[in-house]
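Quick mapping for you: the protein sequence lines, in order, are chains L and D. The opening residue of the first sequence carries number 1447 in the numbering used here; numbering runs sequentially from there. The opening residue of the second sequence carries number 1447 in the numbering used here; numbering runs sequentially from there.
For the record, the hints were derived by calculation from the structure and aren't laboratory data. Careful, some of the hints might be misleading.
One copy or two, either will do: identical chains are not told apart, so a pair holds if it fits within one copy or between any two.
[To be verified] Dumping the calculated DSSO-like pairs for lysine-lysine here, alpha-carbon to alpha-carbon at most 27 Å: (1) 1722 <-> 1537; (2) 1537 <-> 1563; (3) 1563 <-> 1695; (4) 1563 <-> 1722.
Values in this document were obtained by computation on a predicted structure and should not be read as measured data.
There are 2 protein chains.
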Amino acid sequence: MSLLSIDHVSKAFGSHNVLSDISLTFEEGKIYGLLGRNGAGKSTLLNIITDRIFANSGEVHMDSENVADNDSKLGMMYLMSEVDLYNDGDKLTKIMKDTELLYGGFDHELAESLATKFGLDLNQKFGKLSTGYNSIFKLIVALSVPAKFILLDEPVLGLDANHRELFYSELIQTFSDRPRTFIISTHLIEEVANIVSDVVMIDMGHVLLDQSVESILTKNHSVVGPSEEVDQYTNGLNVIGSEQMSNLKTNYVFGNLNDDRPIPDTVQVGSFDLQKLFIFLTNIQGNGGSY
Amino acid sequence: MSLLSIDHVSKAFGSHNVLSDISLTFEEGKIYGLLGRNGAGKSTLLNIITDRIFANSGEVHMDSENVADNDSKLGMMYLMSEVDLYNDGDKLTKIMKDTELLYGGFDHELAESLATKFGLDLNQKFGKLSTGYNSIFKLIVALSVPAKFILLDEPVLGLDANHRELFYSELIQTFSDRPRTFIISTHLIEEVANIVSDVVMIDMGHVLLDQSVESILTKNHSVVGPSEEVDQYTNGLNVIGSEQMSNLKTNYVFGNLNDDRPIPDTVQVGSFDLQKLFIFLTNIQGNGGSY
Chain L
1447 MSLLSIDHVS
1457 KAFGSHNVLS
1467 DISLTFEEGK
1477 IYGLLGRNGA
1487 GKSTLLNIIT
1497 DRIFANSGEV
1507 HMDSENVADN
1517 DSKLGMMYLM
1527 SEVDLYNDGD
1537 KLTKIMKDTE
1547 LLYGGFDHEL
1557 AESLATKFGL
1567 DLNQKFGKLS
1577 TGYNSIFKLI
1587 VALSVPAKFI
1597 LLDEPVLGLD
1607 ANHRELFYSE
1617 LIQTFSDRPR
1627 TFIISTHLIE
1637 EVANIVSDVV
1647 MIDMGHVLLD
1657 QSVESILTKN
1667 HSVVGPSEEV
1677 DQYTNGLNVI
1687 GSEQMSNLKT
1697 NYVFGNLNDD
1707 RPIPDTVQVG
1717 SFDLQKLFIF
1727 LTNIQGNGGS
1737 Y
Chain D
1447 MSLLSIDHVS
1457 KAFGSHNVLS
1467 DISLTFEEGK
1477 IYGLLGRNGA
1487 GKSTLLNIIT
1497 DRIFANSGEV
1507 HMDSENVADN
1517 DSKLGMMYLM
1527 SEVDLYNDGD
1537 KLTKIMKDTE
1547 LLYGGFDHEL
1557 AESLATKFGL
1567 DLNQKFGKLS
1577 TGYNSIFKLI
1587 VALSVPAKFI
1597 LLDEPVLGLD
1607 ANHRELFYSE
1617 LIQTFSDRPR
1627 TFIISTHLIE
1637 EVANIVSDVV
1647 MIDMGHVLLD
1657 QSVESILTKN
1667 HSVVGPSEEV
1677 DQYTNGLNVI
1687 GSEQMSNLKT
1697 NYVFGNLNDD
1707 RPIPDTVQVG
1717 SFDLQKLFIF
1727 LTNIQGNGGS
1737 Y
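Chain L extracted, bound-state conformation:
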């Protein structure tokens, strides 16, 4: 099992610190959600991991080897990002063959089956693709390379609901057929909540949270009822957000409830979702940078 570790990575653009001493480990065979506000440093981190830009300090290791300038390790990673690496004049079939040469393998069967499902003609030129199909083609390539670590930066931006759903189900299918590691950066948090096994939240260049979804969701508690009772019951707990609707107050708790304290009859305890957790946690921390 391969391990990808980010060790004390920092990066500044001019006087702006984008990443401050980030340390993280990505294990093989998991699907990670890399979540952060606009400007939080997600894309910078993905580009540093894949050696496209340099960190000011810190290193990225795969199985204890530094990946910088390390072609064999870099060949085990694939980053799909908004930046196009291909020539507009190249046919999609040619790009797939070139990628095969670079990565020493390419699942043509999967690529062709995905192209059919998404309604993409592979005999056209890259530069002729619309925004949506540009993303779709890059996604197809990302799923078809033999790399162990697949990094997807905003993979569904601009895709309609049908194509997003198709992508999520194909991702689960290919992951189950050939387990590898996916690191998915996205703003559509609720849509990936059922797909990712682990979540890394980045805020203001720091790691805010690095946990399994399962463990996160057991800590999300909504406490609803009359203001006074709700505040009394959640007093001392980790309340990360609040909402008031006429007489009903909801306090959102991230962490353990106080099991020694009885829940008043007027108060209801439920759960809340990953996107809401993200919004509360990053609002507390403040805006992670400029757009």
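Got chain L; can you put chain D on it based on the hints?
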């Protein structure tokens, strides 16, 4: 109350029919979701309504007056789209003043309050805005003009979850303070499902659905159970989609259930959401065009 009506509008680009004989009515004081797949013709329709591009046939009327070249009627509409109409060198404050001259009014108090909430400095130049803040500024202008019909084309594209939630809640607030008509085209259907009162679905240049959300949701039924029982119970009903998970089958019905037929004990009837309805209906109709 003003009424905006689209009467038999058709539009082709070259040999490609984008809109085929579209007729629709938008009433004042409602929030419409304009839903369609990529390439379905949504942006074309919004541009025709606001006289930015010409229809090949058909007309757009506001209160029985043709809006084409009709400055007083066009001044009652505002379209926020991906296309930037402003000069990169202009300060945001200047753009707001220019908009006020054009529209005969501008809610500066609201604009400034929104800018503070979104963390946008209005003393900078338009061309300096990042993608996210470019959208946010255009949204702020759209909410602050005195127009009666506000058309928003993919308003939250690229916004992070926090800013999307802030936008939705500010939209509801301004709508309640000053009811007018919003027509929102978006791919994030589930996120707007609680905000819009009415839905217009466009597919392959045709109107696929034009109903209130309330009425739509009463027609969405999921029927889950053993395949045979489920198929038997839904036989003759309007089944728009199906899912199979090992022995459990779900048939999705859009329309009335057969109340004369008893529901078998092994079968559970529930509901499903707007985004799922959209995916099923547009999958049946086929892809509405090229990206």
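Hints versus structure:
| no. | hint | verdict |
| --- | --- | --- |
| 1 | 1722 <-> 1537 | neither (42 Å within a copy, 34 Å between copies) |
| 2 | 1537 <-> 1563 | within (19 Å within a copy, 46 Å between copies) |
| 3 | 1563 <-> 1695 | between (47 Å within a copy, 23 Å between copies) |
| 4 | 1563 <-> 1722 | between (33 Å within a copy, 18 Å between copies) |
Comparing the model with each numbered hint stated earlier shows that hint 1 is the single one that does not hold.
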